[in-house]
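Engineer: Listed here are the chains, written in short residue letters.
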Amino acid sequence: MAHRVSRRGFLKIAAGASVVAGLSPTVRRVALEPFVRPPEEELPGRATWYASTCRQCPAGCGVIVRVINGRARKIEGNPSHPLNRGKLCARGQAGLQVLYNPDRLQNAVRQTGGRGSRRFEPVQWAEATDQLASALKGVGGKARVGFLGGSVPTHLRLLVTRFLEALGSPGPVLFDLHSVLEGGAEAHALADRWFGSADKPIYDIGHAEVIFSFGANFLETWLSPVSQSYDYGTMRQGQSGGRGFLVQFEPRLSMTAASADQWIPVPPGTEGLVALGLGRIIVEENLGRVGSHREHAQLYRDVSVGAVAEASGLSVDRLQKLARAFADADRSVALPGGYLSGFTNASQSMDAVMALNVIMRRLGREGGVFLPHTIPAEAFINPDLPSPFRDFEKLIQKMRDGQVDVLMVHGANPVYELPRWAGFADALTNVPLVVSFSPFINETAAQADLILPDHTYLEGWGFEVCSPGGDRPVVSSQQPAVRPLYDTRSTADVLLKLASSLGGAVSQALPWPDEVAYLEEASAQLLGSSIGVFDARTPAGFWSRWRQLGGWWSTKPIRQEPVARGLPQGPLQVPAASFAGQPNLFPFTLLPYESIALSDGRGADQHWLQETPDPMTTACWNTWVELNPATAAQLGVTDDDIVRVVSTHNALEAPVVVFPGIRPDVVAIPTGQGHQDYGRFAAGRGSNVMDLIAPVVEREAAVLAWGGTRVRVEAVHRSTKLARLESLDGKGRETLR
Amino acid sequence: MSGAGRRRASIRLMLPLALAGGAVLVVAAILLSQRTAESAPAQPIAFSHRTHAEAEIQCLFCHPNALRSDVAGMPSVERCAGCHRTIATTRRRIQTVLGYWERGEPIPWQPINKMADFVFFSHQPHLAAGVGCETCHGDVGKMNAARQVVNMDMGWCLNCHLKQPETAVARLTDCLACHK
Ligand code: SF4
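As they're listed, the protein sequences go chains E and C.
For the first sequence, my numbering begins at 445 and goes up steadily by one.
For the second sequence, my numbering begins at 250 and goes up steadily by one.
These aren't lab readings, by the way, just hints derived from the structure by calculation.
Don't take every hint at face value.
Claimed, not checked - Part of the chain E face toward chain C, derived, beta carbon under 7 Å: (1) Pro478; (2) Pro482; (3) Pro483; (4) Leu487; (5) Ala491; (6) Arg1088; (7) Val1090.
Note that CB positions come from ideal geometry on N, CA and C, so glycine has one too.
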């Protein structure tokens, strides 16, 4: 009789055998590969931490990078840094995926099949820089050069400005979607109008008692979110007496609104009007303990509280209560947020908000409005502000007219970030040489002739003059945590090399042999400053402390009191915002909001960020359309149903997220997806909400009113499964009901 | 035969089989773990510790990290080249080393002493306690090709840890001293 070992028996034997085998020690049999040249300070098996600066957004938080065996393993917040005080946001944490991104360019390339062909061939650095140098020399030495920057580190911005000046070209145009959405240019204009200051105002959130935030998502992406989140914690914990009170005015329940005591979704574009109404009530009823409001009366002469109530949908009674809450507090502050900058009435709305601070005499007071103290050294005077849309339009016009021979692009991606009507992509065809310094092939780099990839920020040098720098002047320094992984080259070094080969005025203006020499010299200007957190006897000693600590800042908080230039002449007014699209054909207002993970799209190539759920909807990995439950029911759609969102200019399709935290007449879509290029994690995923934006431009200040597009929503009777961490309405969790 | 009966029969047969199989594996595992590697593994370069020791080069000159880190580390190619760009440059082996240096490639040395992954061993406290390299690595200075001379198992570690001053023994024999 044949005895067979049954299947179950065999498994038992196998399991027994593997248990026994498991008893033998596990040893790794790998070759021991020593370093060819060990990195400085490297101790095998021990972590070395390098202090540097986060470059995932322009805030400039301090980081420390844990490096083992020459590889960066983890990024943490720099505990000494006065801005983020050891904390970091999700984007900061994900920075390793910029360094190790599999789709990075590994060397300089030339596009051989014509622009947009995406056929790239490696080119030697010397050859590539020679090509650029001879183009800059131009025919008869009169090349017309354009430089378009996004969030360029301060040191590079300063070098570029010198470079262009010496070439006799206009200064760089700095324009990127993040700064558009946070209202960067408008915030500078606001400071200039009211205080004659070139720096953005800073708002002392930490010590405020009552905050009225008009579309400032200060816990997410606006200005310096980590620093502001920290301050928000301070304010909430009542460290300056009592728990602070936050009111958020915006049409969608953002994460900041969700952290507020009151979320007041007024119709898009009426936020400034509400501020005006509140001001009128304060002045009229002489509220607050700041003395007479007589001199302010003329500001509000033309304001009718009834009209404000009607436009905003808030009752007069509600407005009065809000005005009292704001005025009765000793330390209240009103924030003119980035959302205000998205409308044709941007500057008037922001003025109305700033006026609240002025009439309550909150300038230079604890918990109020300040201006930054400048860095006490010439090398850090930072003249380049984010350019208003007007300047960008001028550059496009010049390109279109064939007045630009060489265009250099660093850190900006307008082909992706702006709708086609802006005309950037078309104007590019009239530029003979387009050079990109992007470490990745993004949509704009795909239209370049040459890509000279910069290092990623964990491999590069630099500094950032933090603006805002919290309560003190801060320069955050950047140094390589690891050696460059590939044959990339610092753009600053490329410029210095170009300068020396161009000779003459340019090489005189940029005399440094390399980027590090320039940085060493710049940092040494702070040597001997009486307010600095450290000092040294020699420049070399200073330079090493500068790198060790992650920058330079003052020991104590130092801010400037803004001095109002005098009140605005004539009464304040906030005209109604203009929108593109007839309300009967396009019944909804489109709210493109900045994704907390992908920001303006620059984070889409990092899959950690792709899978970071949006804090309000828990959705990720895609684009979605947020609809109020009533709106969704009216359209007959629900979660995961695909809808078509149509504006006067374009249309996109995306799945629905039914979201109770949004006005029924508003449709919100996050930014960041819909890339055509930019690597495997970004390309071909979701849709780009900026494609829908209609050309609503405020004529006088040439503000791109990105919030002024109306849309209609159509069901397409298909659905898809949107990746979400959890459902909002308890679906699938019926047992809990 | 009923289904249940067949199952019993197969279990009866299976048991000794499993035991025998298990025993073979246990023996194999023990033998493997006792492998004191009389033979040295083939190295990319026939490096002689003896030559270097006879030139009175200290262990820590090439393995300085033992003093400061968990791992002693292999000398960087730069360190080899540091001397050999001028010393014995005509020898074939040295030219191989310099080849690595010029190509910027690491030399893929084969490890001699292997410690299981679950042991948290650190060189630094051993050196700080005055334990000489040869205690664990044998008289490498007399070997041409380095080979493992000590079977680094737990018994061997404990043997030494138990011989330490009485005040330290409790700490040194604590499981968590090495198995964190
Ligand atoms: S706020 Fe900006 S700078 Fe700070 S950690 Fe986040 S991404 Fe980095």
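Engineer: Does each hint fit the structure? Answer for all of them.
Structural biologist: Hint check results:
The restraint placing E/Pro478 at the interface with chain C holds, with a minimum CB-CB distance near 4 Å, inside the 7 Å limit. Hint on E/Pro482 holds. Least Cβ distance to chain C is approximately 5 Å, under the 7 Å limit. The restraint placing E/Pro483 at the interface with chain C is violated, with a minimum CB-CB distance near 10 Å, outside the 7 Å limit. Because the smallest distance between the Cβ of E/Leu487 and any Cβ of chain C comes to about 5 Å, under 7 Å, the interface hint for this residue holds.
Checking E/Ala491 against chain C by beta carbon gives a least distance of about 11 Å; that is not within 7 Å, so the hint is violated. At its closest, the beta carbon of E/Arg1088 sits 56 Å from a beta carbon of chain C; the interface hint therefore is violated under the 7 Å criterion. A cut of 7 Å between beta carbons decides the hint on E/Val1090: the least distance to chain C is about 57 Å, and the hint is violated.
The structure is inconsistent with the numbered hints 3, 5, 6, 7, although it conforms to all the rest.
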